[in-house]
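**Q** Read top to bottom, the protein sequences are chains L and Y.
Quick note on numbering: our numbering labels position 170 of the first sequence as 170, and the sequence is numbered without any gaps.
Quick note on numbering: our numbering labels position 166 of the second sequence as 166, and the sequence is numbered without any gaps.
Keep in mind the hints are simulated off the structure, nothing from the lab.
One or more of the hints may lead you astray.
Capping the alpha-carbon separation at 25 Å, the derived lysine-lysine pairs in PhoX-like fashion look like this [stated by the list, open to error]:
1) L:K514 - L:K586
2) L:K262 - L:K308
3) L:K770 - L:K725
4) L:K759 - Y:K46
5) L:K586 - L:K477
6) L:K206 - Y:K46
7) Y:K46 - L:K725
8) L:K206 - L:K572
9) Y:K131 - Y:K153
10) L:K514 - L:K588
11) L:K760 - Y:K46
12) L:K759 - L:K769
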Amino acid sequence: MSEPDRTNLPIRRLPFQGVSNRTLDGSKPDWNLIGHPEAPPGAPNVLLVLIDDAGFGNPSTFGGPISTPRYTQLAEAGLRYNRFHVTALCSPTRAALLTGRNNHAVGFGSIGELSSGFPGYTATVPRDCAPLPRILAENGYSTAAFGKWHLTPDGQQGAAGPFGRWPNGWGFDYFYGFLGGDSGQWDPCLTENQKIIGTPEGFYDKENPFYLPDAMADKTIEWLHGVRAQDTHKPFFVYFSTGCSHAPHHVAPEWADKYQGKFDQGWDRLREEVFARQKELGVIPANAELTPRDEAFPAWEEVPDELKAYYARQMEVYAGYSENADYNVGRVIDAIDELGELDNTVIIWIWGDNGASLEGAVTGSFNELTMQNGIPLSDEMQLQLTERYGGIGAWGGPMMDPHYSAAWAWAGNTPFQWGKQVGSHLGGTRNPMVIHWPARITDTGALRSHFTHVIDVGPTILDITGIPAPSHVDGIKQEPLHGVTFADSLADAAAPERHTQQYYETMGNRAMYKDGWWLAMKTPRIPWLLTPDALRPYAPGVWDPDADPTELYYLPDDFTQAHDLAADHPEKVAELRELFWAEAEKYKVLPLLATMSAFFGIVPPLPDVATVEYRGDVQNIMSGMIPRVYNHSYTISADLVIPAEGAEGVIVAEADHLGGFSLWVQDGILTHTYSMMGVFIYRQQADEPLPAGEVTVRMEFAADAPKPATGGEVTLYINDRPVGKGRMDHTVPIRFSAYAGMDIGRDNGGVVDLSYEDKKPFAFTGTVKKVIFDVKPHLSAQDEDELHAASHHGHAAHGLSQ
Amino acid sequence: MKFDDETTDVLIGGYLSKDAAQDDYEAVLACGGYLHGAVVVSKDLKGDLSVEQTDHMVREGAAGLGAVGFAVGLFAPPLLAATAIGAAIGAGAGKLLHRKTASKLEEQAGATIPVGGAGLIVAYPHSAAAKVEPAVTRAITKAVGEAEGHHVKALKGAIADAQQKMAESGA
Numbered sequence: 001m002s003e004p005d006r007t008n009l010p011i012r013r014l015p016f017q018g019v020s021n022r023t024l025d026g027s028k029p030d031w032n033l034i035g036h037p038e039a040p041p042g043a044p045n046v047l048l049v050l051i052d053d054a055g056f057g058n059p060s061t062f063g064g065p066i067s068t069p070r071y072t073q074l075a076e077a078g079l080r081y082n083r084f085h086v087t088a089l090c091s092p093t094r095a096a097l098l099t100g101r102n103n104h105a106v107g108f109g110s111i112g113e114l115s116s117g118f119p120g121y122t123a124t125v126p127r128d129c130a131p132l133p134r135i136l137a138e139n140g141y142s143t144a145a146f147g148k149w150h151l152t153p154d155g156q157q158g159a160a161g162p163f164g165r166w167p168n169g170w171g172f173d174y175f176y177g178f179l180g181g182d183s184g185q186w187d188p189c190l191t192e193n194q195k196i197i198g199t200p201e202g203f204y205d206k207e208n209p210f211y212l213p214d215a216m217a218d219k220t221i222e223w224l225h226g227v228r229a230q231d232t233h234k235p236f237f238v239y240f241s242t243g244c245s246h247a248p249h250h251v252a253p254e255w256a257d258k259y260q261g262k263f264d265q266g267w268d269r270l271r272e273e274v275f276a277r278q279k280e281l282g283v284i285p286a287n288a289e290l291t292p293r294d295e296a297f298p299a300w301e302e303v304p305d306e307l308k309a310y311y312a313r314q315m316e317v318y319a320g321y322s323e324n325a326d327y328n329v330g331r332v333i334d335a336i337d338e339l340g341e342l343d344n345t346v347i348i349w350i351w352g353d354n355g356a357s358l359e360g361a362v363t364g365s366f367n368e369l370t371m372q373n374g375i376p377l378s379d380e381m382q383l384q385l386t387e388r389y390g391g392i393g394a395w396g397g398p399m400m401d402p403h404y405s406a407a408w409a410w411a412g413n414t415p416f417q418w419g420k421q422v423g424s425h426l427g428g429t430r431n432p433m434v435i436h437w438p439a440r441i442t443d444t445g446a447l448r449s450h451f452t453h454v455i456d457v458g459p460t461i462l463d464i465t466g467i468p469a470p471s472h473v474d475g476i477k478q479e480p481l482h483g484v485t486f487a488d489s490l491a492d493a494a495a496p497e498r499h500t501q502q503y504y505e506t507m508g509n510r511a512m513y514k515d516g517w518w519l520a521m522k523t524p525r526i527p528w529l530l531t532p533d534a535l536r537p538y539a540p541g542v543w544d545p546d547a548d549p550t551e552l553y554y555l556p557d558d559f560t561q562a563h564d565l566a567a568d569h570p571e572k573v574a575e576l577r578e579l580f581w582a583e584a585e586k587y588k589v590l591p592l593l594a595t596m597s598a599f600f601g602i603v604p605p606l607p608d609v610a611t612v613e614y615r616g617d618v619q620n621i622m623s624g625m626i627p628r629v630y631n632h633s634y635t636i637s638a639d640l641v642i643p644a645e646g647a648e649g650v651i652v653a654e655a656d657h658l659g660g661f662s663l664w665v666q667d668g669i670l671t672h673t674y675s676m677m678g679v680f681i682y683r684q685q686a687d688e689p690l691p692a693g694e695v696t697v698r699m700e701f702a703a704d705a706p707k708p709a710t711g712g713e714v715t716l717y718i719n720d721r722p723v724g725k726g727r728m729d730h731t732v733p734i735r736f737s738a739y740a741g742m743d744i745g746r747d748n749g750g751v752v753d754l755s756y757e758d759k760k761p762f763a764f765t766g767t768v769k770k771v772i773f774d775v776k777p778h779l780s781a782q783d784e785d786e787l788h789a790a791s792h793h794g795h796a797a798h799g800l801s802q
Numbered sequence: 001m002k003f004d005d006e007t008t009d010v011l012i013g014g015y016l017s018k019d020a021a022q023d024d025y026e027a028v029l030a031c032g033g034y035l036h037g038a039v040v041v042s043k044d045l046k047g048d049l050s051v052e053q054t055d056h057m058v059r060e061g062a063a064g065l066g067a068v069g070f071a072v073g074l075f076a077p078p079l080l081a082a083t084a085i086g087a088a089i090g091a092g093a094g095k096l097l098h099r100k101t102a103s104k105l106e107e108q109a110g111a112t113i114p115v116g117g118a119g120l121i122v123a124y125p126h127s128a129a130a131k132v133e134p135a136v137t138r139a140i141t142k143a144v145g146e147a148e149g150h151h152v153k154a155l156k157g158a159i160a161d162a163q164q165k166m167a168e169s170g171a
């Protein structure tokens, strides 16, 4: 068969070449009609691995303190790339990776939670930018994605879709993982293909608890076996995107305990140790200089002695968690090897999507969302809350959703400055990459220092597989790829460096790279500060981006950005600044700070629905899709049928004990529990039991005022009669959970009130006919407008962490 | 030393964990200062209340503490003072969102100690303050009250004074 036209997808079926007579007599079949597009001859399998929220100086393969034997094994049989770049934020890097185009140009200037009405920030890939998995699938590849997705708008993660924005819609035949920005590893709320399947049954197994990284590897291997059981030669494309090392840092103690005492020297000394090893390994140049600590990070010696064990354990857990990722990727590699296909599988393994995350603030947190909810907690408070949930020995277990200190992240980004969200500096934009392909790479164990970027990965995969970038997909003319292939560098150390120019923008932090020069334009805001004072300087009419401090580096001589040359080269500063503006316009980066537009009152139209009704079998409503109960009055009512013998269980529950609410019944007593991010836990109970028969119950929260985190009075009603009350001094202003869902008639996953944990999911033994949320029962029109701005603001702030 | 020989001090500490309160409790016991009594009250994550107190409480002072209950005006530290919300709309930005807890001061410990939280009450003669107060290092909120008079009256007065100070401090 002749080679089909692969530039116009889907590949057109050739005309019928047989004969169709009136009967079978003399008719000749054309078996190509029931075939399917095949990949170009010799096209290899592709395994694309992406680790989350990790830094250049984390894996031992690049001199870090975290043991990554499988990563090193591949590097020694393949190549290390030490000048590979990302976008400094989760979704943007993933969008660029899977489209081969600049992230703003494909609608991902920000993250799935922060879609906005500007072209570069829609969180919706335009149809003229068909993603890589779609291209591969249309060209004869079996495609599958496992783990973190984070490319579906926050409000579109339910049964109504639209599913074009889910992994299957991007071209993956199969998906198993989570749609959001992070997930508990013990208690995830999972998605399989186009259905939210919730928390796995294994979560309830105390003897053999579910652990997502293990399950991801299991599912990947199972999928590979299934593909090969059907087709022995169809190439596969597997995107293995770990939730690790993003918060919550969940791992079993036996992994964390391997690192006991390994970080007692603190982050300053750790950076020096890593830097020395990086030089020994040769993954950084001999003349590289270690960049100094910014005053935003405390010196280790300033940490009170009584808190050092608390801080050290944070890093021990992070290290064990990360090593476990290395182990589970290794299991997938072993499975490919057992299939006899390792030689012809290109493995591209990127260790981190935005540098290590600074979002734990200096203190770290027992609950990753305390920072996003604007709850300032001192390190002593964090330690006490850690003790409340089991102590530092339980850090990493299911009782907490921990995130380590920003200072550990900074150490993880050795030898660079800053980290996640900081698109102006290498700490947030440069990550390790290893490529393994025995069939082609002969210079094993070598280092490549070509300037490469995440948008180059797609073009490189297409180049390797012999598949052209399509000019049309579904009849729609395609935007050319923005990245360039570096495939020839696999076999040739002297291959030319093609990526000579690149803009960066994340959360207003900007950079312009061209021919070795790097202009850094960082906003003075500390990445983990979301206070009004910290944000106010960037308000419309206030912020002048060109007044931000500038730093200029010449990377060929200065690998780490240690020497600011801006004062010596004002003409270069001006040139690169102008080039940035031109690139920003070209790739839809403008308006700057559109990621944070909601913070400044630019919010979508008010929804026209004030009440939301759920029938009794609705479960696993993603946390970003629950009714807007934040910062104002609301009611939850439920129509129940109580049998004569009584009933118990959960009527409705959102998220878990680290943030959430539950309306539930035990011993006939209606109870409302509200966890203000695990810091404050409020309970109100009825003073009389529920009657039998048809019963309506209601929880009414009367806010003190429509304002962020408002306190208020709770009243419980049975059949419209008040039966209990209580006060909540603080409520959650932004979001209860990054990943745990809301359920009707039970409390799936981690429970809200730990007093019924031993009965989880504590399904209601009566009948929940329906549950109704009324999110504006007491508000004036003006209140509603103000609250709309506030609630969306909260919604936005959550997303900053992803 | 008799209970009513001098001014009586009462220190109230609020904590986010029982462990922290217990640490301070033990530090107070070991500080070398004379104590009339010390009590740790905590509520676990299931809502169950527990109380631990010194042997001192069997003495005269115990009756006093018991008589007034453990109405510790705990918590509501200004955790949300710096909430980001409101940066754009201005309203309420930067304000302390806490609410004074004066209305709770008369409630009993079971109603006052929040789930997962703990409180410490230490009663001591004013002359021991220099040893006792530095031993309390982990309290998130802390107030010291004082009063003179006969033992139970002094104790009640000192507790009330401490509670009032805690409320006024916004804690």
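**Q** Against this structure, judge whether each hint is valid.
**A** Each hint tested on the structure:
1. L:K514 - L:K586: Holds - the C-alpha atoms of K586 of chain L and K514 of chain L are around 16 Å apart, at most 25 Å.
2. L:K262 - L:K308: Satisfied, since the Cα-Cα distance of roughly 12 Å is no more than 25 Å.
3. L:K770 - L:K725: Distance of about 23 Å is within 25 Å: holds.
4. L:K759 - Y:K46: 13 Å, holds
5. L:K586 - L:K477: 18 Å, holds
6. L:K206 - Y:K46: Roughly 19 Å separates the two Cα atoms, so the pair holds.
7. Y:K46 - L:K725: Satisfied, since the Cα-Cα distance of roughly 19 Å is no more than 25 Å.
8. L:K206 - L:K572: 61 Å, violated
9. Y:K131 - Y:K153: Judged against 25 Å, a Cα distance of about 24 Å means the pair holds.
10. L:K514 - L:K588: With Cα atoms ~19 Å apart, K514 of chain L and K588 of chain L stay inside 25 Å; holds.
11. L:K760 - Y:K46: Answer holds: K760 of chain L to K46 of chain Y is near 14 Å, not above 25 Å.
12. L:K759 - L:K769: Since the Cα atoms of K759 of chain L and K769 of chain L sit roughly 22 Å apart, the hinted pair holds (cutoff 25 Å).
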